[in-house]
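Enquirer: The chain contents come next:
Protein chains: 2
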Amino acid sequence: MSTSTLGTSVPQVTARAKVLGRAQYAGDIQIPGMLHGKVLRSPYPHARIVSIDTSAALALPGVKAVLTGADGPRVCWGTHHKERRILAEGVVRFAGEEVAAVAAVTEEIARDALDLIQVEYEELPALLTTEQALADGAPGIHPGRDNVSHEIRFARGDVDAAFAQAHLVHEQAYSTHAQYPGYMEPMATVARMDPDGRLQVWTSTQSAFLARARIASVLELPVSQVRVIQATTGGGFGGKIIEDANNLIASLLALRTGQPVRLVNNRLEDFVAACTSVPERITLKLGMDRQGRIVAKDVRILADCGAYSGLSAEVMHVSAMRSDNMHRLQHVRSHATLVYTYTPPHGAFRGFGGTQMLFALNSHIDTMARKLDLDPLEVHRINAIERGETSVHGWQVGSTGLQECLSQCTDAIGWKAKRGKPGHGSKRRGVGIAAAMHVSGNRTIGDWDGSTVVVKLNEDGRAFVHCAEADMGQGAMTMLAQLVAHELTLPLEHVHVVQPDTDSAPFAIGSLASRVTIVAGNAALVAARAARDKLVAQAARLLEVAESELELADGAVRVRAEPKRKRGIAELARTHIWRHGGEAIQVSGTWDAKTTMFDKQNLMGNIAPAYSFAAQAVEVEVDTETGQVTLVDSFVSDDCGKALNPQAVHGQSNGAAAQAIGWTLYEHLQLEDGRIANGNFADYTMPTPDALPMLRSGIVESNDPNGPYGAKGASETAILPGPAAIANAVFDAVGVRITDLPITPEKVLAALREKHHA
Amino acid sequence: MSTSTLGTSVPQVTARAKVLGRAQYAGDIQIPGMLHGKVLRSPYPHARIVSIDTSAALALPGVKAVLTGADGPRVCWGTHHKERRILAEGVVRFAGEEVAAVAAVTEEIARDALDLIQVEYEELPALLTTEQALADGAPGIHPGRDNVSHEIRFARGDVDAAFAQAHLVHEQAYSTHAQYPGYMEPMATVARMDPDGRLQVWTSTQSAFLARARIASVLELPVSQVRVIQATTGGGFGGKIIEDANNLIASLLALRTGQPVRLVNNRLEDFVAACTSVPERITLKLGMDRQGRIVAKDVRILADCGAYSGLSAEVMHVSAMRSDNMHRLQHVRSHATLVYTYTPPHGAFRGFGGTQMLFALNSHIDTMARKLDLDPLEVHRINAIERGETSVHGWQVGSTGLQECLSQCTDAIGWKAKRGKPGHGSKRRGVGIAAAMHVSGNRTIGDWDGSTVVVKLNEDGRAFVHCAEADMGQGAMTMLAQLVAHELTLPLEHVHVVQPDTDSAPFAIGSLASRVTIVAGNAALVAARAARDKLVAQAARLLEVAESELELADGAVRVRAEPKRKRGIAELARTHIWRHGGEAIQVSGTWDAKTTMFDKQNLMGNIAPAYSFAAQAVEVEVDTETGQVTLVDSFVSDDCGKALNPQAVHGQSNGAAAQAIGWTLYEHLQLEDGRIANGNFADYTMPTPDALPMLRSGIVESNDPNGPYGAKGASETAILPGPAAIANAVFDAVGVRITDLPITPEKVLAALREKHHA
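Line order of the protein sequences matches chains L and Z. Just so we're aligned: the first sequence equals residues 20 to 777 in the numbering used here. Just so we're aligned: the second sequence equals residues 20 to 777 in the numbering used here.
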């Protein structure tokens, strides 16, 4: 009787609380005396703050604090550059920048108080595009610096020579736009001073410890004086890693008022406050041989980080380098430039820069395959890096299921039968494919890419798991529970994963870079096996049998040769305490990837313990009269190494596919004079179910040698191939190549018109 | 520059939050939707519950639940015997027994609802005294059993032969009464179902883990489904170990209503609900040689546990045995009987049964010394067990400061000058002394007397300490912080001791048997030193120096021979994470006393890692016209091994002395027909400051080899000698011997009258 759920579909351990409405999101937390925060934001993309008069706001009954940049703190935050203030002082650099924060006894009063804050601005000229920002003589958006926030250049091999020898060279520019993360739960925080005068923060986050570090740094507190508890988190998609000011402002208000403060973005506020994905203009030049092998690659990227760099530099790094590792390349060159503009900041987003580049690369491969009269599928196959190979940037591929992903999704969609058969009439059909690669973990975060898990066995034989990697809906807690339950032969419901709390949980980096399954999963194995060893040792004492003759099975430790001689886990856990020299079983397991530190000089090194792959095939219908592109079918295949919980992988894959489709066809954040013009779900049109076909997904298990039971990060990869697959399918249907996302009916119609006129 | 506070007086780490009114006691916790509980109690000491009609109460708007015994659960609780129900069913056995519990939206409605519960009782005859309960043919208070709850008998050596050879034999009966713990904070709990459907309980307790175990057991939940968080606890004195039903009832109401429930005893309720100390009638017979050596001892105890045994059996064990170990004895015999009566249950109380017996023993020694014309001080000295000796019950005395305690307190009080000089007129003065012994830890709790402490070092070089031993005001958290700070050379304020939480803290037994300083203190040393070793290892990596050449000092690890080559703790903690194979420093330390399991058959064994001693000398003034005894001076000397925080030891010693004085002279819980008649602070007269002299206390440091830096349990011992010291002083003043506590003016006057008539 095995109780293990490993590899089987189970509902997430957090599902019941969520479905019953009991899960406590940060916004659900109520504390007596709690104030409500509101933020006043700049209406101008660039302006001098001449004066701020808060007296009328402060005089409003119920208002407890009105803070401006002049009230401090003056410590700046930001990942790559510390350049952003909690509250602006002197100057605002984007429409939406935080200018003042109010705490009041009700949300209504706080909102009313915002209207009473008198800010006098002197509006200044705003550089709204990268072109403007890079123009000769353009003034620096940040004092004493030019408008290049970050730059990456590298060249490997002899790129020019390789291009000269190529059979086919193709160059094309692609442009990608910002996407709003669109999580169900907007950013939310409740902060208070605890009885000991420490700052306690419940927040919606992808990393309690990164949040603690940032809050402490900006508020000039030792980290030990800050406690961050990850509240139930309703989605993150990269937007809740470290770039939102929500928990900083709530913390500041709590610190200054001494009262609990709740700050929950409404959707409009969240659109303005959230970092959206980095818009990139990518100029891609590939050289291929006659068989479609990529023999040379040249990449130029112009990326816009907005007014503050945030994580955009790291995102651009990924755009510039990651896709190179998917192929067997020798001659590659890249030049990427991140530029400040007076626009709302961009940053991390599911896929982390991979999406932008893989739109370009997969579009390019499709185009060149057609030019070479090759099946793009075969071009993907011939270029794909294989297991055991080391990429041009030093990445060691321990497993890859890319070939199988390509087969699986193309078989599923009917690639061979449907390709190149658009049909007749005004509604044409086409199919498209694309391939993708992602990391599972990333040592470039700092010279550690590990995780620590504590397993605690209670006297009833059930386990608690402490780990501060975040579950933001993706299923991290379920994964940990499954692994610990499996190792200890416990029913899944006998493992309780405790909400991350920086006071008690072991230090962790958090949920980003698809790292949690591989690093925390492995740490869970280490911890659970250490707990198992203690159970076995205790059974050896009770049964007076050598440990080597014992095994843990079916909830008991038994004599291997005499399976009926056994002791149950509850008895073992209890008697492990109640004996001479006893103690409760509470063990810690740490795992750190045996990867190499990224060489910053040469941009070289095996940065992740494993790499995930995905491929997607789609079928579209294009209405040639309206330009409307409708997705008819989509199948995304995800190589997650091993699906610990297939249902969760499918859920994530389909969610990722939907988000990719949204970005490709529907979602377009409109800036008008630097201001977000459609920051609401009526005008910012995320795909609703009627806009999507029944999304399909498949799992490929390449069994990574470094993964827990072979598992790698699942399904962040699945957002990557969709956009190009759709663009390629549109080309297959109507012969027009859209290189400028999103693929709107207007662009399709314009391209069709141009094609007919050509 | 040493920052260590070890051995110096520091304010408790909890003081600031308490003084500022910020500390969160259970009763301070407010949760949205929280209901308020109230308990209906039996007005009769013994009755059959004929019927309970809750319909009117349930119909009262705002009432959410009215539970009776018929609603279950039917699992019984109790330490020695599982015999007590959360809510009585069928029969009530004491006036005050819980009959029904209400949860309502306000406390007022809950109180009103109690009045609407219609209970029909058939009053039954009540056995209110041990004599009645033991009378032939007395019906069993618990079905199928006689009224002896527990019995202890032992004899060592040849007691009769020893008495036959004694120079002086004296026998006397003493009687002691129940004392209400009188903590500042009555029992209080808030319980709720958490989002995952687990029961979460904030309660005022001396042991979060014992509370969890009992709640889980009685509510028939796995312990893992229960989370107990010790709220700030305003005193315990034994009353909050495990015997109060408050957190059981709050938990039951939360479980049944699905809503948070607050149940806070008001003072009247607490008097009825709390277990008071065990009243014992002790018949003591001692044989002495001519020099005052005790050559034979015979003890008979008749103890009253009330309607349920609770911890009374364990208390009686202590009365029957512990004081034997203070002396060099060979021939001792004891017969102790614990008897049920239809009265409110008794149980644990500071001193845990020692107080009762030491009143008898010290009174007895004074009487016999006088008969032998010896200074009682010399009789104490000649009998006192010495370091390195093993007592008649197998206790191994690793340290004793009793002789020094005796010298210190008698010197302080002016014993030699004042003794036997009552003066003239109606106000006579006398001095008295008494000696005491206590345990520091106790293996009889279960075959483990250890503790586990987790030390977590943060990136700012500050430490968190997790330990579930309770601070109920005595200073456990400060002790832990001092030890960890000392080991890691941190300022005290850089160590934060986290509130006990059964989800995250390591398993612990809790605060009882004066065990926390020795067991948790030692565990803290183990953990802190393990953390130190990790700091040293990291410094060895950074400095490229062998660990053996390094030392931790003044907040840094330095090269011993080159003290300026060093790395600060913050840097070491941070870089211990951020490196290949890194992890945060979070280490666990366990220490278990190397004592022997009490042999239950022979009642023999070295049950504690150390034993504490105390002596007290007092001066009283007796008004021969009114019988009023006034304490003029008191000096209690406590052998705590090593005073880690002298101010805390003095505070505890003086508090213990005050509680002893209250019991001896003032506090008398009155039962009228089995009902508590003076359950309030107006009528139950705890000593107010005007009733006390400036209490004085002294510390004796006997440096126990098993203690952390020599420390033993501090100051529970200090409650033990006071009562006899006062009785002896009264005799010294006016020549009357009060053997029946409390020493009221009426008893003194009556004794004086009797003496004059004799």
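Calculated from the structure, these hints are not laboratory results. Accuracy of the hints is not assured; some may be wrong.
For chains that are exact copies, the list does not tell them apart, and a pair is met inside one copy or across any two.
Unchecked claim - Think about it this way: if two alpha-carbon atoms lie no more than 25 Å apart in a straight line, the pair counts; the simulated SDA-like pairs of lysine to any residue are:
| hint | residue 1 | residue 2 |
| --- | --- | --- |
| 1 | LYS553 | VAL606 |
| 2 | LYS446 | ASP394 |
| 3 | LYS37 | GLY277 |
| 4 | LYS774 | GLY444 |
| 5 | LYS390 | VAL124 |
Enquirer: Check LYS37 against GLY277 for me: Cα-Cα at most 25 Å, and say if that holds within a copy, between copies, both or neither.
Expert: Between. Shortest inter-copy distance 16 Å satisfies the 25 Å Cα cut-off; intra-copy 32 Å does not.
Enquirer: Check LYS774 against GLY444 for me: Cα-Cα at most 25 Å, and say if that holds within a copy, between copies, both or neither.
Expert: within (17 Å within a copy, 126 Å between copies)
Enquirer: Please sort LYS446 with ASP394 into within, between, both or neither, judging by C-alpha distance up to 25 Å.
Expert: within (24 Å within a copy, 116 Å between copies)
Enquirer: From the Cα coordinates, with 25 Å as the cut-off, is the pair LYS553 and VAL606 best called within, between, both, or neither?
Expert: Result: close both inside a copy and across copies, 9 Å intra and 17 Å inter.
Enquirer: First find the shortest C-alpha distance between LYS390 and VAL124 inside one copy, then the shortest across copies, and answer within, between, both or neither for a cut-off of 25 Å.
Expert: neither (66 Å within a copy, 76 Å between copies)
Violated hint for the displayed structure: number 5, the only one.
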